[in-house]
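Both chains come to you apart, so use the hints to assemble them.
Chains as they are written, first to last, in my numbering: chain F, 1 to 217; chain U, 1 to 784.
To be clear, the hints were calculated from the coordinates, so they are not data collected in a lab.
Owing to the predicted nature of the structure, the values given are computational and were not obtained by experimental measurement.
One should not assume that every hint holds.
Below, simulated DSBU-like cross-link-like pairs (lysine-lysine); rule was C-alpha separation at most 35 Å, straight line [as the list claims (entries may be wrong)]:
hint, chain 1, residue 1, chain 2, residue 2
1, F, Lys45, U, Lys46
2, F, Lys48, U, Lys365
3, U, Lys577, U, Lys138
4, U, Lys364, F, Lys45
5, U, Lys57, F, Lys217
6, F, Lys45, U, Lys92
7, U, Lys365, U, Lys628
8, F, Lys45, U, Lys365
9, U, Lys240, U, Lys57
10, U, Lys782, U, Lys343
11, F, Lys133, U, Lys92
12, F, Lys133, U, Lys718
13, F, Lys48, U, Lys240
14, U, Lys498, U, Lys720
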Amino acid sequence: MNRADKKTGKGALGFAAICLLGVGGVTLALAAPDIPHNFDADGEKIFKSYNATPLEYMAADSGGRNLMGFYELRQYPGSPPRIPHAVAPSFSLQADNCLSCHAKGGYDAELDSFVPVTPHPENELCTQCHVPKRTEKLFVETNWQSINPPKLGRSFLAGSPPPMPHSLQLRENCIACHTGPGAVTEIRVEHSSRGNCRQCHLPVISTEPLLEFVRNK
Amino acid sequence: MKINLGNNEVTMKLNRRSFIKCAAASSAIAAAAAIFPGVSFADWKKQEGASGMITWKKAPCRFCGTGCGVLVGVSGDRAVAVKGDPNCSVNKGLCCVKGYHSVQALYGKDRITKAKVRRNGEMVAVPIKEALDIIAAKMKETIDKHGKDSVAMYGSGQWTIPDGYVASKLFKGCIGTNNLEANARLCMASAVTGFMTSFGIDEPMGCYEDIDHANVFVTWGNNMAEMHPVLFSRMLANRKRRSNVEIIDFATRTTRTSQAADKSILFKPQTDLAVANAICYEIIQNKWVNWDFVNTHVSFHKGLSNIGYGTEDHFAFTDKEESINFEEYKKFLEDYTPEKVEKISGVSAKDIKYLASLYGDPAKKVTSFWCMGMNQHTRGTWIQNLVYNIHLLTGKISAPGNSPFSLTGQPSACGTVREVGTLTHALPHGVVMDEHARELAAKIWDVPVSNIDPKPTYHTVEMFRALDRGDIKFMWIQVTNPMVTMPNLNRYRNGALKDDRFIVVSDVYPTPTTDVADVILPAAMWIEQEGMFGNSERRTQHFAEIVPPPGEAMSDTWQLIEVARRLGYEKQFPWGKDEYIGKIWEEYRRFHEGPKHNMAPYTVLLERSGVQWPFVDGKETRWRFNPKYDPACTNGKDFDFYGKKDNTAWIWARPYEPAAESPDAEYNFWLNTGRVLEHWHTGSMTRRVPILHQAMPASYVELNPEDAADLGVVNGEKVKIISRRGSIVMPASINGRGVPPRGMVFVPFFDESYLINELTLDAFCPISKQPDYKKCAVRLEKVS
Numbered sequence: 001m002n003r004a005d006k007k008t009g010k011g012a013l014g015f016a017a018i019c020l021l022g023v024g025g026v027t028l029a030l031a032a033p034d035i036p037h038n039f040d041a042d043g044e045k046i047f048k049s050y051n052a053t054p055l056e057y058m059a060a061d062s063g064g065r066n067l068m069g070f071y072e073l074r075q076y077p078g079s080p081p082r083i084p085h086a087v088a089p090s091f092s093l094q095a096d097n098c099l100s101c102h103a104k105g106g107y108d109a110e111l112d113s114f115v116p117v118t119p120h121p122e123n124e125l126c127t128q129c130h131v132p133k134r135t136e137k138l139f140v141e142t143n144w145q146s147i148n149p150p151k152l153g154r155s156f157l158a159g160s161p162p163p164m165p166h167s168l169q170l171r172e173n174c175i176a177c178h179t180g181p182g183a184v185t186e187i188r189v190e191h192s193s194r195g196n197c198r199q200c201h202l203p204v205i206s207t208e209p210l211l212e213f214v215r216n217k
Numbered sequence: 001m002k003i004n005l006g007n008n009e010v011t012m013k014l015n016r017r018s019f020i021k022c023a024a025a026s027s028a029i030a031a032a033a034a035i036f037p038g039v040s041f042a043d044w045k046k047q048e049g050a051s052g053m054i055t056w057k058k059a060p061c062r063f064c065g066t067g068c069g070v071l072v073g074v075s076g077d078r079a080v081a082v083k084g085d086p087n088c089s090v091n092k093g094l095c096c097v098k099g100y101h102s103v104q105a106l107y108g109k110d111r112i113t114k115a116k117v118r119r120n121g122e123m124v125a126v127p128i129k130e131a132l133d134i135i136a137a138k139m140k141e142t143i144d145k146h147g148k149d150s151v152a153m154y155g156s157g158q159w160t161i162p163d164g165y166v167a168s169k170l171f172k173g174c175i176g177t178n179n180l181e182a183n184a185r186l187c188m189a190s191a192v193t194g195f196m197t198s199f200g201i202d203e204p205m206g207c208y209e210d211i212d213h214a215n216v217f218v219t220w221g222n223n224m225a226e227m228h229p230v231l232f233s234r235m236l237a238n239r240k241r242r243s244n245v246e247i248i249d250f251a252t253r254t255t256r257t258s259q260a261a262d263k264s265i266l267f268k269p270q271t272d273l274a275v276a277n278a279i280c281y282e283i284i285q286n287k288w289v290n291w292d293f294v295n296t297h298v299s300f301h302k303g304l305s306n307i308g309y310g311t312e313d314h315f316a317f318t319d320k321e322e323s324i325n326f327e328e329y330k331k332f333l334e335d336y337t338p339e340k341v342e343k344i345s346g347v348s349a350k351d352i353k354y355l356a357s358l359y360g361d362p363a364k365k366v367t368s369f370w371c372m373g374m375n376q377h378t379r380g381t382w383i384q385n386l387v388y389n390i391h392l393l394t395g396k397i398s399a400p401g402n403s404p405f406s407l408t409g410q411p412s413a414c415g416t417v418r419e420v421g422t423l424t425h426a427l428p429h430g431v432v433m434d435e436h437a438r439e440l441a442a443k444i445w446d447v448p449v450s451n452i453d454p455k456p457t458y459h460t461v462e463m464f465r466a467l468d469r470g471d472i473k474f475m476w477i478q479v480t481n482p483m484v485t486m487p488n489l490n491r492y493r494n495g496a497l498k499d500d501r502f503i504v505v506s507d508v509y510p511t512p513t514t515d516v517a518d519v520i521l522p523a524a525m526w527i528e529q530e531g532m533f534g535n536s537e538r539r540t541q542h543f544a545e546i547v548p549p550p551g552e553a554m555s556d557t558w559q560l561i562e563v564a565r566r567l568g569y570e571k572q573f574p575w576g577k578d579e580y581i582g583k584i585w586e587e588y589r590r591f592h593e594g595p596k597h598n599m600a601p602y603t604v605l606l607e608r609s610g611v612q613w614p615f616v617d618g619k620e621t622r623w624r625f626n627p628k629y630d631p632a633c634t635n636g637k638d639f640d641f642y643g644k645k646d647n648t649a650w651i652w653a654r655p656y657e658p659a660a661e662s663p664d665a666e667y668n669f670w671l672n673t674g675r676v677l678e679h680w681h682t683g684s685m686t687r688r689v690p691i692l693h694q695a696m697p698a699s700y701v702e703l704n705p706e707d708a709a710d711l712g713v714v715n716g717e718k719v720k721i722i723s724r725r726g727s728i729v730m731p732a733s734i735n736g737r738g739v740p741p742r743g744m745v746f747v748p749f750f751d752e753s754y755l756i757n758e759l760t761l762d763a764f765c766p767i768s769k770q771p772d773y774k775k776c777a778v779r780l781e782k783v784s
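For reference, chain U alone in the conformation it holds in the complex (with noise of 0.2 Å):
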């Protein structure tokens, strides 16, 4: 703020007669923007014969997966604004940019409305009843001629809980194929895994509420501030309001979570692992285990080291898990003091002290966050079991404001894909290769339980790659775009366009994935059709269909109702046009029935902005594991880690072991891609809002200032990346939006003209099979 104090040419009016004058010739022009149409009095245009009247009805935001609840203003058959719920616990009452203008999603101008289908190489428009019919009837001519195995589905964390449910039941229950994938694998995997192998159950045994709470916020590899900015301005405002609160970044780049926060701390790519070992060793140096809490509730195990990264096709890799004592487990730690880290991670000996004070601190509550940069990990189990190691130590969780706290980055990452288990090896209870799973599905299915075979097939990456050698021929894709977020993506989009493949695509707007479909259907989106989501803290949220989908456009759940009767399964899909969403609900629920995992019923949903389960009794459960909150608990102590059979949380012995890719003489540089504040994922929906593209029109490369000057590249000339699997030119930003460190250059996927995935590596973590986007060698030309 300036202020000018000499400057004579400010002139300010108080004068009332003056006053009046300038406010009658300003209305004089609103009036006349009113009377003549064409006058443009906004950045809008406004609806005709509109009453000026809203109405307001509820849903979860379409984008992340914070879960924001969001009042959408109707007028007529029209969704013309959006305010916050203020009866939503999660965000009460405040979105992001993206929420605010999630509505304008609904209305671009090239929305897809009518079904189409390839004839001698063209796109042509039928009637999506024709489309359904050649879908039916190339899945059975595909399933006749090549076995069950050769058709797939490919889903996503956006998908509604309904849509994923209906897609379990036909392709696992009726097909009788494991060919069942959702893209959450590409975003939340290591999540689970991570929490099946310390808890033996899924999903965070904290909340939102923990933000109130805690003292010390730590972000591990997490742009919160971008990323995740309801809750981070939570932080922000806690912070502020409370005087004992502080926000320590721990990541590979600066950001605006490091702009805001109290301390920033830079680790190198992938050194994460060791840093947390550091940690562990630090608290247990200084006396700062919880023993109480150690010895009632944690147990000490080891797995399998030198697990390879999966990048050749179809590597397999199954862990070997081993007891061991705490005296075990401390010795393991002696190769991760801080002094010897500091070598591996780059993070002063200082710092990594520092931070193990935090967590050692019994006065203080900590809370861990963490998103992509340790779920985007070829060691993300690893790494999420690491992370829980030091809150178990210290006997930090399941209390309010002591959280380990996985973020999601989906809408229904949770509800979806890992409640209704939308992936291989999965089945909305348990998972295939359990007889008694196997049992409970077909009853509730009312299929054989032979059907449902016991052998979990392809996880995402070996799908798109079985894709490519021709093991899968015909693939379903909904609500996502893997021809711009699959990694190493030039084989996957030259096998996806191979001869005798057939894709179907169901999607809202025109892709890079649309762009490889044989038969394209339209989809409803969002409001346009009922459903539920389920955000990162074991909320499920209901939304109706607030405003009418356009054209022919169709809910995916009903796109696969329709085929699955025309394959001949109108027993197990009898539902209504009218009521199916509500008796789908109530069938999955089933499923979860139990203090574990109970969810609301139908009833419940509609009326409140989200419910948490397990749902009790007619009551939400906030912490797990906490006998104070969860009425699971019946061991009589003060916690009880009911997911392990053992009745303990387990604490990991996990090497640090280097990326599958790291820069070399030839290939310098680290490339580390990610997202950005405006846009959402690959950007199809949140690049056809006028705020938000004119924000942030197009993709860049983030270089470090030096590096930069090394390469005489000034901001905005256009630079060549290249890596092993491709290139691309893209425009520098120097000390743009995000710096990275010296020796590692950063670029947001969200945009299609710039697909940074051609150049990315399809390693993954070998137990949780979810790729690493954030980590592969490149090197930079500067292009004259």
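If we strip away everything but chain F, and leave its shape as in the complex, we get (with noise of 0.2 Å):
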């Protein structure tokens, strides 16, 4: 949808290279030691991110993805996600390989496309939970169903930020999955220079019921 507008192609390389090399220079000063680094839902990952990760970058969009490709991946709603490109059988060692490219995003020229950056590059272990198809036939067939994805823009007034819908296990960096050129274009934020994600946005679970407060005189 965005080939016809190749003017712009130069810069956007630019911006890959940029962030290839300004990831990972950034460091947060850490919480302190007898402190889990994993504390409020891992959220110091949004800050690291945000601050390793050029602001170009994260400006960028591709429109290479949308969410019918994303849950095409996926047996229902938060389910690991299938590798949905060719793996050389022994490509397994995963620090050097998968993080690779999926810790820091950019272009991939051999697939011609952005590479969507995993929100949780500390697993290292990568096939652990992602694995390839090798064929398109079942075993046997399934009765497998599962519930709907969760609605976009489910904003509680018009024009209020949207919620997240999802849980943040393993979901928890933001910056990972809703910036830059390797997004899914339909979840990507416009204003991704800013870099408090949960300033306005909240998670409330739309797979959840909503707890009722009831007062407790």
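As structure tokens, this is what we get:
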């Protein structure tokens, strides 16, 4: 959908390169040593990523991924996605392979697309959860069903910031999935220059009923 | 990652207006998918009439012995999603690909939902009540005609604890036969005899938290990256977080674990025995022995040698223990200098010394992990003893990070088979040979003590031999697939198919085992019933009935209760359907009273994501034999190895002896078998999970690239593998998931289309009676 807009191409490549150089170079002060690093749903990751990713990269959109393709790789909302591209059978030493692209993002010429960034690069054994598809056939047919994916844009008021519809477990880092040219178009944010996502967006998990407040007089 | 800086094809859209346009278009597609339900918007079928709300219920994962806590997302009466349970200390919210898709295993289209009975050679669907009547009548008739030892039960480490408990009560307490075995005999019997001979009490002293403390991990023939990925990830995370962590893979084949390890050391099959002794030799030579520990807590022993391999029917062996002193032990080790062992094992003396230095360094905490490589071994008990020796000489045991750790492969191999004792010689507490154990069981079970036979009958391999011979006429198989997993499979399948044999199989899907059945019972699976599993680190994990079982499917526990009542044992099986699991648990718990083994009450199990035993005064025990953590320690010293009567841990002088069948001029390759990440054991569940089957659709034979070149075979070409017991034609895998060394081939056993166990040898460890699936001799032919 964005193929016509070729003029911006060169600039974009610059962002990709900058991003790769930039990520990892910036470290924020860690919490005190006796405090677990992952408190507050690992929210530290958001600030770290925000700090480490160039603004130009976060603002870039390739239009290369959409929600339909996103859910085609999943078995239910929130399941670990399949690996959609070819991987050599012995391609499995995680840190030097999958993460060399998926930790940082950027452009992959071989696949001609921008790489989605993993929200949990600390998990290095990628193939523990993500596997490729080697055949279209099933062993036997399945009766599997699951629920619809969460609806988009469920703002409580017209124009108010929409809540986060999914659980934050393993998806704590907003920056990874919701900004940059590898992000899914429908869920990309346009205001990636703002780094404190949770200032406006609160988790209201769409699959979980709202707990009603009962006043205890 | 390739960055092509000169490619003008790449375009990006930064313009806000065109973004909105594009987003609107994408949303329109999404909206269309919602309006027209026939339009597939995702890779799954949408549940009709679903509210979109999910309730999350806790359960242990259905698959391996790690015992990850999962939260099952339920919508209506269906399981629709999974996430890792953040409250479960086992996995802290992370699963593997099998766990994340585990609930899909409930929904294969060919699920068995009705009972079936063989009539005139055809399987005919009947009401389940009728099938249960037939089973009870057949058992009665067989016992009347051929005696109580002509009926047998073969269960599983996937049995829930109540399943195994009622099986034991029915067979050992009521019918009075010790013909009760479980597939865990094929999986962890050597681990049990290892613990019993070295410590006098079963199950690991440590826990998974050891991973957060150790500096060195040695994986002994254990491809954890695929088989225990969640624990392996925890090791990797520790190595990343802490600067002083290294992983050594000590194995017979190069795997994903070797790729991730800091060092990969390969040894020739069976020679781990020699290398372990050489490590101890080096520890003594270099004065790395922790004498304070050894003088207080260790004694030295030897047993018989040339102990055989059990390949003949009626094979019997009893070890003869003899105490020795340290000097005698040291003299025994003189045959195992690194230089001598290099010749046997193919491991360089330098690498042996390196391994010894890691164990010997007093500043390093060392955890050894093992699973099937050491368990499925004709000297399985010995190799466990020898690895314990290393930890005992250096005093690196029973403390955070210092841990010899035996992993299990099934979700309740520990909980059901080891703790309930569903093996021929065992009772829920103690062994049948022990009068006091029989008295306790008779009292709790409310049966005459004379009912319980003091003589064990058949271990698994011998039980299937007895079925083949005709000594056993009736066998009931639950939650396992022996017609894929028995070694030397042709003999045991032919035996099961003989005319006057009667086979009952309780299962959830058609398998090669239901193919030999005379009656098939539809079983409730995993979260379709209430139950408990017990994982590798002494953790008992309760799960409720989260979704209803399909059709007439019934829990294995309830099937057994129904048959027991038909046999006249209403008094021993009095519970109602809405309370039976809790009642059974509280009855079973009486067997384990006391600080060494106390189990948590039912109400505690309901609340928590698993509870470790011994559970004493409301507290779990993380490290046994260590008074800082274990209230059963009473000797006032820094450790108390209370399992043995002499309050010591035993170091054993165990020699290297060769495998039962090694490559020779005619059969010139080793055959090694095992598992893969995507599939769990025989694949009867995981192959029905779309993503898992599509990622790993069929089995293969791994060859070393040079052997493949010699044979003239390229990747994917067919190879015929021939052993003295059978042959099979399979596609070759070269430089794929794993790479065997020259002279070895490896075949995963998950695929029922390639029954590799028709080739394997039914040799076993004479002490544990566990078969060796890792070593037999084959030759290869190119298929043109």
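Going down the list of hints, with the structure as the test:
At most 35 Å may separate the alpha-carbon atoms for a hinted pair to count; F:Lys45 and U:Lys46 meet this at roughly 33 Å. Between F:Lys48 and U:Lys365, the direct Cα distance comes to roughly 33 Å. Compliance with the 35 Å bound is thereby established for this hinted pair. Only pairs whose Cα atoms come within 35 Å are accepted, and U:Lys577 paired with U:Lys138 is accepted, the gap being roughly 25 Å. Between U:Lys364 and F:Lys45 the alpha-carbon distance is near 32 Å, which keeps this suggested pair within the 35 Å criterion.
For the proposed pair U:Lys57 and F:Lys217, the alpha carbon gap of about 32 Å is at most 35 Å, so the pair holds. Taking the CA atoms of F:Lys45 and U:Lys92, the gap is about 18 Å. The hint holds against a cut of 35 Å. Between U:Lys365 and U:Lys628, the direct Cα distance comes to roughly 18 Å. Compliance with the 35 Å bound is thereby established for this hinted pair. At most 35 Å may separate the alpha-carbon atoms for a hinted pair to count; F:Lys45 and U:Lys365 meet this at roughly 31 Å.
For the given pair, U:Lys240 sits about 32 Å from U:Lys57 by alpha-carbon distance, which is consistent with the 35 Å threshold. With a C-alpha separation of about 32 Å, the suggested pair U:Lys782 and U:Lys343 falls inside the 35 Å cut-off, and the hint holds. Taking the CA atoms of F:Lys133 and U:Lys92, the gap is about 28 Å. The hint holds against a cut of 35 Å. For the hint pairing F:Lys133 with U:Lys718, the CA-to-CA distance comes to about 22 Å; that is within 35 Å, so the pair holds.
Proximity of F:Lys48 to U:Lys240 is assessed by CA-CA distance (about 18 Å); at most 35 Å being required, the pair is judged to hold. With a C-alpha separation of about 29 Å, the suggested pair U:Lys498 and U:Lys720 falls inside the 35 Å cut-off, and the hint holds.
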